[in-house]
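Taking the hints as your guide, dock the two standalone chains into a single complex.
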Amino acid sequence: MDFIIILQAGVATGTVLLFATIGEIFSERAGVLNLGVEGMMLIGAMSAFSTTIATGNPWLGVLAAMFFAGLISQVHAFITITLQADQVVSGLALTFLGTGISLVLGEGLSKAGTVSLLPNFSIPLLSQIPLLGPIFFARQSILVYIGYLMIPLAWYYINRTRPGLHLRAVGEYPSAADALGINVFRMRYAYVFVGGTLAGLAGATISLAVAPGWFSELTTAGQGWIAIGLVIFAQWDPVRAAVGSYAFGALRRLILDIQGPTVLFGMANPFYYNPYWGFFLQMLPYAFTVIVLVIGSREAIRKRLGAPAALGTPYVRGERGL
Amino acid sequence: MTETSSPQTGPRTGSFRIKLEPRLEEPPRWYPLVVSLAAILVALFFGGILIAFAGGDPFRSYAHIARASFGNIGVLSDTLVKATPILMTSLACSIAFRMKLWNIGAEGQFIMGAFGASAVVLAPIVPADTSPWIFIPVMIVAGMLMGALWGWIPGILKARFNVNEIISTLMLNYISISWINFWIFGVWSEGGFQMSPRFPDNAWLPRLLDYADSIPILRGLTTHAGLLLGIAAAFVLWLLIYRSRWGYEIRLIGDNPNAARYAGINISRNTILVMMVSGALAGLGGMSEITGVVHRLQTSPIAAGYGFTGIIVAWLSKLHPGVIIVVSVLFGALILAGREIQPSGVPKMIQGIILVCLIASDFLLRYRIRIVRAGSEE
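Chains G and B, in that order, are what the protein sequence lines are. Sequential numbering from 989 applies to the first sequence in the numbering used here. Sequential numbering from 481 applies to the second sequence in the numbering used here.
These aren't lab readings, by the way, just hints derived from the structure by calculation. There could be a bad hint or two in this list.
[As the list claims (entries may be wrong)] Across the chosen pairs, the derived CB separations fall in these ranges:
#  : chain 1 : residue 1 : chain 2 : residue 2 : range
1  : G       : Phe1173   : B       : Phe641    : 30 to 38 Å
2  : G       : Asn1171   : B       : Arg850    : 24 to 32 Å
3  : G       : Ala1164   : B       : Leu845    : 27 to 35 Å
4  : G       : Phe1173   : B       : Asn738    : 24 to 32 Å
5  : G       : Thr1070   : B       : Arg509    : 35 to 43 Å
6  : B       : Phe641    : G       : Glu1205   : 49 to 57 Å
7  : G       : Asn1108   : B       : Phe550    : 49 to 57 Å
8  : G       : Trp1265   : B       : Glu506    : 53 to 61 Å
9  : B       : Ala532    : G       : Glu1205   : 18 to 26 Å
10 : G       : Ala1164   : B       : Glu506    : 28 to 36 Å
11 : B       : Leu719    : G       : Glu1205   : 36 to 44 Å
12 : B       : Glu506    : G       : Thr1070   : 22 to 30 Å
13 : B       : Leu845    : G       : Leu1141   : 38 to 46 Å
14 : B       : Asn736    : G       : Gly1169   : 30 to 38 Å
[Said to hold, decoys possible] Heads up, incomplete: computed chain G residues facing chain B, CB under 8 Å, no partners named:
#  : residue
15 : Ala1073
16 : Leu1080
17 : Thr1087
18 : Tyr1261
19 : Tyr1264
20 : Ala1275
21 : Val1278
[What the hints assert, rightly or not] Computed footprint of chain G on chain B; a stretch qualifies when at least three of its residues, placed anywhere within it, have a C-beta under 8 Å from a C-beta of chain G:
#  : region
22 : 600-610
23 : 772-786
Keep in mind the model is a prediction, meaning the values are calculated, not measured. Glycine included, C-beta positions come from ideal geometry on N, C-alpha and C.
Next up, chain B with everything else stripped away, as it sits in the complex (with noise of 0.2 Å):
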């Protein structure tokens, strides 16, 4: 990129001079988490400027996040569950933009995933009185399979024909949208609702309350099995990225195709295997959102951008799926305290800021900035 550039100087101020430099060596370890950070403090302080323009009181609104996200273990439970599907989604994300793979399809695979799930209920696939131990796995398979399908499409576009995977995967996700609603107006609708029947039980991921009998103090909490789900493929993709050969090939890729080319990588099988691997982490997202929460095919909770956030997430923690575990639970609070938070569309607001915050702060690690006094030079 632009390591190599010669010194740049800024403009005089005074009697001292700004002056940019690129880095040369690297970073210590704990400086780009401190930029991170204050990156996000930028974002919130333009974010409450943003809020009081609009009518609003930004400390008010922050305070109210805090507290209706990790206030009590009930809310906290709460932020988990909004957790598990912006886990999934980034980690779907992180793959793939690990390869320089611009999958913005993430919501579309999420939904597409969600659908895989309720047609194993709804088709049916299995009889409804399976148990659980057949038909949780089958949802599980059926959704990342699913998710694999809307990611090959625009992987099998791109390494056939180049076409840009940013529009083609953008415009898969209003297609899936489209999908599901067919389905759930016309032939799977409950009576004419939008939506379509509830799962039965057996058809649930485990939740905490389920325990509540043997262990009280777990009464009214829904978090479900899709969080371990969740931590699990986190663990796997690390293995994935960071110890295998495969990860190795996806990361050289991304970062000098040409040399890759040079070493006899196929980057076209790279690109279908990445984006359907990237496809089903978010069609695991979806059946995991499905079967622990909603418990029925339904568009808006369904659509409801976790797709998007997941690339916030995933750029924020710098593509470690370690990370995204953390960050994950930070935007799952943003978006539950959110719902609450008038004007409403604040949490999207300050995810975009945040997001362009943290692009901006990657100069930092790129540049350092140096005040020197004018006329000595070093």
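Just chain G, with the same shape it has in the complex (with noise of 0.2 Å):
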């Protein structure tokens, strides 16, 4: 086992929690919870891989991507933004129709080959950096740097400008920020939506880069579950979803390559002769998020942080409270 390969693929891996987490922030900064996460990567997986096959042009892909997940998160901001429902069982909602469309949409398309898939590159000098540079710097796909300059970006926009402080403001104290002419549900509408692209192009990162194909459910494989888990453990920060994405990929490399070979530490590989102990394997990202969860929480009390505080609640003019 070569621990810079799996650390490098971990950073590839990590990307697409990474989109999708990073999404689920704007989302909710904005005040409004999508659990549609999962039904969103699908729709993204699934229409960037089939665009890519159909145009032959992975580009294409990441766009319709983007477009198709950004499109079907609107049916999330229109119930529970407009029509005010609940946003937990509108967001269940959404990932069942999400799965289900793909899946139907994409019938056929598990068996439909090779595509060309998106450039992968070494940056020069950077990939020369003793240890970090062949883990982040080194044949990575080019949607793995795209994720590294969205982790600044991202903060910046949010802490740093006054677009990112009308977002803090629609989901911390809406009518405070109507009163001030921010059109509250309009921005909600539009973080929604960035919420929904960045969850396609988390789903176009996994059909189109790290695990091409279309292996219907499986695609996501619960990574979408896990993205809104880590925004919680990350404390609606870009930084330390960041952090959180790329040791979650790394984990889930390690489960792969950890059953390889025959001999690991000097002792026969367990997993190896056993194969079925890797399904204790298989468990550990989902375990894990549940102590993320954990962590988070408990800190989250101690240093007295907490989610948006208008965050799952519908914002309803004239009506007094948040």
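Next comes the structure, spelled out in structure tokens:
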């Protein structure tokens, strides 16, 4: 086992979670909890793959993924913002809807063959840095580099710009934001759309770069839900989201690779000789998500940090309270 | 929620205006039913468009669903077989949702219930030649205990550490699938196949066809006693929710947690208890499915998404146990017929669209839409 290679692949795998988590951070910062990430990611992965097969151009695939996932996120926006329905139930419904639609429209795609993928390349100079260079900057997909750029940009946008200030205001105190002339409804629609496009991008990252292909529901295998867990762990901060995403990506890779060699740490590898012990390894990402939630929730209580104050509540003009 | 908001005015359309007003009085009893049925019709319409878009014929698909699920007594019996696990998982969801606990883990609790029942046979906890009068009650208890355990974990995490139960229950779903895979690929594998050995006959729930010798019309009907267990569970749950003090506490916490806290109701304790009851009901479903239908531990027929369908059915039934029985049968029909429909994702997609339309239609219960002539106020 070469740990450099595992970490390198882990960063690529983690990029999927990174996009989905940052997308959900935008949506939740605006006060809309969207539990439909898994469904939107599947829509993204399916439309990216099928568009690329049809056109031969993976960039069109990425655009289609972002557009269609953004489009379906607006169903959730309409139900929760305009119709003021419960965000939890609507998000679950969006997961069912996205999963169902992508299964129907993705029928037969799994046998559709291979597609031209997005380019992989190394960054000169940076890839020469010992240890970090080969992990982060060698032979990575272009989407991984886009992910690196997105972390500081998202942080700067949320914390240091005027539109970012409006975004936080809408999520923390919508009636005050409304009184200052910010259109709360339009802002919430917009950021749910942003969350949708980023979930779509995460889906495209799977089907066009990390694990190319369409494997129905197994394409995402619950990563959309892990992303929602990571948002809580990240305390709605893109930089912490990145740390969590890459750690989970590396864990996923490690689980795949640990079952290969016959000798592990100088001992006979139990996972090689008894392959069914590997099912315990497969539980790990999900168990860690729960552990990470415990840590995130405890820390939030201790530091008196919390979710955006208006998260999960519809905004109704003229109603008292938040 | 939004009942106290001021009237909102919609866009002007010609000389008429659409006006939205919050409903102040309770709508008549038939009104929610009509709205729900309308929502389902709208959902089938949208689903038809998507089926046509994917290259199918929506009318033939829907006609096929109706014929393949209610066409004769044989398929009707198969529909009831499919409805049984959905009935139990939606009962499980309904008690948790009543308290606004979003237990999305009925799927995992169902799987663990099936595991618990299997362990009785395969471990073995009781010898293989035990009388069914002992065997089946032991399996019921084991299934419900494993389900309750799988509900206790997210319950205590929520009560102690304020961990979001939606995510923890979902993660436990994935963990439960790996857990039973470990047993059927390894420990209990039958000759290297990915399934356990078949259960002995005395560990099977009785089926209608068992009585075909005396009543010939029952020949080939696979409806099993799990349906009776489910209906009994629905009745007990109805008593619990609507006729007991504890049920009142649960409903109060769900409707107004602050009022419940001031009334001295222990919310942490109820969180854990409700999650355990919810898990036990789903576990009973897993037990009934494995002893009534599958008769061996195997992943694909057990982890078939009944827990997720249960969420939709519970919501569609407005969490009422009696309505859940009826709606479960309809969804059993959808799933049964859906197995033969191409493309294969259609039933899942229709479930999703139905849920979306239902949630959207709730708006009509909270607001009334009035079209008024411009200029004539009220």
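Hints, one by one, checked against the model:
no.	hint	verdict
1	Phe1173/G / Phe641/B: 30 to 38 Å	holds (35 Å)
2	Asn1171/G / Arg850/B: 24 to 32 Å	holds (26 Å)
3	Ala1164/G / Leu845/B: 27 to 35 Å	holds (30 Å)
4	Phe1173/G / Asn738/B: 24 to 32 Å	holds (28 Å)
5	Thr1070/G / Arg509/B: 35 to 43 Å	violated (27 Å)
6	Phe641/B / Glu1205/G: 49 to 57 Å	violated (30 Å)
7	Asn1108/G / Phe550/B: 49 to 57 Å	holds (55 Å)
8	Trp1265/G / Glu506/B: 53 to 61 Å	holds (58 Å)
9	Ala532/B / Glu1205/G: 18 to 26 Å	holds (23 Å)
10	Ala1164/G / Glu506/B: 28 to 36 Å	holds (34 Å)
11	Leu719/B / Glu1205/G: 36 to 44 Å	holds (38 Å)
12	Glu506/B / Thr1070/G: 22 to 30 Å	holds (24 Å)
13	Leu845/B / Leu1141/G: 38 to 46 Å	holds (43 Å)
14	Asn736/B / Gly1169/G: 30 to 38 Å	holds (34 Å)
15	Ala1073	holds (5 Å)
16	Leu1080	holds (6 Å)
17	Thr1087	holds (6 Å)
18	Tyr1261	violated (12 Å)
19	Tyr1264	holds (3 Å)
20	Ala1275	holds (6 Å)
21	Val1278	holds (5 Å)
22	600-610	violated (count 0)
23	772-786	violated (count 0)
In the structure shown, a violation is registered for the earlier hints numbered 5, 6, 18, 22, 23, in ascending order.
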